[in-house]
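Taken in sequence, the protein lines are chains A and B.
With the UniProt record's numbering applied, the first sequence covers 1 to 201.
With the UniProt record's numbering applied, the second sequence covers 1 to 372.
The set of hints was computed from the structure by calculation and includes no laboratory data.
Not one of these hints is a red herring.
Quick list of simulated restraints, FRET-style, between CB atoms:
{"#": "1", "chain 1": "B", "residue 1": "D71", "chain 2": "A", "residue 2": "G106", "range": "40 to 48 Å"}
{"#": "2", "chain 1": "B", "residue 1": "P268", "chain 2": "A", "residue 2": "G41", "range": "38 to 46 Å"}
{"#": "3", "chain 1": "B", "residue 1": "P366", "chain 2": "A", "residue 2": "P11", "range": "52 to 60 Å"}
Here are some chain B residues the structure puts well away from chain A; computed CB gaps all over 12 Å:
{"#": "4", "residue": "P65"}
{"#": "5", "residue": "D99"}
{"#": "6", "residue": "E199"}
{"#": "7", "residue": "G281"}
{"#": "8", "residue": "P366"}
Just a few of them, taken from the derived set where beta-carbon distance is under 7 Å, the chain A residues facing chain B:
{"#": "9", "residue": "S54"}
{"#": "10", "residue": "V66"}
{"#": "11", "residue": "R76"}
{"#": "12", "residue": "T77"}
{"#": "13", "residue": "G78"}
{"#": "14", "residue": "A84"}
{"#": "15", "residue": "A86"}
{"#": "16", "residue": "I87"}
{"#": "17", "residue": "L96"}
Don't be surprised by glycine CBs; every beta carbon is placed ideally from N, CA and C.
Listed here are the chains, written in short residue letters.
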Amino acid sequence: MDTRLAGKLRPRSRIAETAAATRLVLRRNDSVAVAGLVLVGYLTAFLWAVGDLSVRPDMPAGLLIVDDPLWRVFDRTGPATFEAIAIVDTGVARLLFSPGNLLLGGFVAGLVGLNLAMSYLAVVQPAACGLGTGSGLLASMPALLAGTVCCGPVVLLVLGIQASGLLLTMFTWLLPLGIGLLFVSLIYVAGKIDVSGSAHG
Amino acid sequence: MERTPTGDRRRRRQVLGGIGAVGITALAGCLEGSGMPAGSTDEEVDDDDAADVNDGPPTVERSIPEAYSIDRLNEESMSGGPGPDGIPSIDDPRFTAADDPPANLDGGDPVFGVEFDGEAKAYPQYILVWHEIVNDVVGDESVAVTYCPLTGTAQGFYRGASEFGVSGRLINSNLVMFDRGTDSWWPQMLPVGISGPHEGAYLEEFQVIWTTWDRWRDQYPETTVLTEETGHARDYGSDPYGEYNPPSGYYDNERTLFPPLASDDRFPRKEVVIGARNADGAMAVPKDALRERTVIEGTVDGTPYATVYDEALDTGYVYRNPDDTSVEPDGDTFLVDGETHAPDALPLDREIGFDAMWFAWYGYYPSTEVHE
Chain A
1 MDTRLAGKLR
11 PRSRIAETAA
21 ATRLVLRRND
31 SVAVAGLVLV
41 GYLTAFLWAV
51 GDLSVRPDMP
61 AGLLIVDDPL
71 WRVFDRTGPA
81 TFEAIAIVDT
91 GVARLLFSPG
101 NLLLGGFVAG
111 LVGLNLAMSY
121 LAVVQPAACG
131 LGTGSGLLAS
141 MPALLAGTVC
151 CGPVVLLVLG
161 IQASGLLLTM
171 FTWLLPLGIG
181 LLFVSLIYVA
191 GKIDVSGSAH
201 G
Chain B
1 MERTPTGDRR
11 RRRQVLGGIG
21 AVGITALAGC
31 LEGSGMPAGS
41 TDEEVDDDDA
51 ADVNDGPPTV
61 ERSIPEAYSI
71 DRLNEESMSG
81 GPGPDGIPSI
91 DDPRFTAADD
101 PPANLDGGDP
111 VFGVEFDGEA
121 KAYPQYILVW
131 HEIVNDVVGD
141 ESVAVTYCPL
151 TGTAQGFYRG
161 ASEFGVSGRL
171 INSNLVMFDR
181 GTDSWWPQML
191 PVGISGPHEG
201 AYLEEFQVIW
211 TTWDRWRDQY
221 PETTVLTEET
231 GHARDYGSDP
241 YGEYNPPSGY
251 YDNERTLFPP
261 LASDDRFPRK
271 EVVIGARNAD
281 GAMAVPKDAL
291 RERTVIEGTV
301 DGTPYATVYD
311 EALDTGYVYR
321 NPDDTSVEPD
331 GDTFLVDGET
341 HAPDALPLDR
351 EIGFDAMWFA
361 WYGYYPSTEV
371 HE
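Chain A with its partners taken away, still in its complex shape (with noise of 0.2 Å):
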């Protein structure tokens, strides 16, 4: 890497704000609060997207689970989405259980749960005056990127919009490029919170 670039950039110290604000994150009840409704609103939002989650009143409770479910954990239905191996219906909802799924969908909500936990730190615990929730929505946008990518090229037909070769191309590079800007979003804000401020209880 260019040694000027470098500079500018400090990949280890931003590594460690991270680490940091991470931990900070994890140390205080609040943050972890909000964390936590954001990683369970997400990861509800994105299995009924993908269609593993819907209210279903009218079906009895009970438990389905198809045949060698472990050999199909790992059969894919779309891009980024994987073979339900059981059916959990609770009296009122439904759930497709996708070990798969579950796992990417809970991975995308832990970034989504960090950044936005993140941003609330920064704006209650900032290094510098000046910062608003504008980073919070930064979060945002990845956030939709890679939720929307598990829907596939159906979600489109919801926007009425039609489908061509590059578009569909796209959308394959959507989950990546959303998990990647989660990433760059966790950095940038990690930088904004002062993690040497005193933990609430």
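Put chain B on the given structure of chain A with help from the hints.
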């Protein structure tokens, strides 16, 4: 996952009960129909007797309108999202009797009916929307009942020892199948091989009837019906595209996922037409017009055709009528040269016809004649 021509026999475990009440139930086996498929057309050139799975499906010599070269069709092939088998076909279908239908099957829900020498089977649309292909065995015949939600087409094909799978690609918004024997790819509506060893060959079709469960059961009380025991975990009862009972969402609006190969605004895009094609050309009859008039006549490349309405099943049958024989409605039946006949048994050559959304039919067959 390795698959066999007859499907891998999967057992499913179901734990049922409310909170604190748990039981394990092995799901029931299937009731297979029997009988030989009837009503197929064209000369078979690749018989499936003693066929090997690696031979792929049987093919036939056909002459039907080809508006696009195979190269063009391949260029127009787009990913619908899932990869091959990402939408899993049903390879071990389980059936139940008509008096014990799946709980989610409403009387007004669409089913795809197949009748072979008195044996009848119904394939509910709400199950096939998640699978698109059922590799079934009826009597001695191995067949595939296929459905494409985006074009509203249900068609039947002989499959020999092979099986069909969903490629995940779409042309003209229409399902592209592949056979697991040769990995040849087949657009459903055409249905010509566009790649692989069977490139340029045609599949052999049989008639599938798009109707409702109540209507099918009334006509075929001994029918069996496909169950939700497909071996896959899907949210049966919800449809990712919309609803048919009553129509809503994709099935009832003007949106298409992909631009059609050709467009025509004589009808709304999702208007249902009954389409048929053979060496004479292609023709389409709007289903609403057929319901109203019960007999619709027209010509294809100068040859007369008559399409008659079957109110019991809310479907239509297309007949080639080269002598321009008189066909008149007579209650639920039809008078042909003064003789009374059931709508599905006129003394004329019946063509295979199937329901399709107008945009999809015209997109593939822009030279189509419209009879209304």
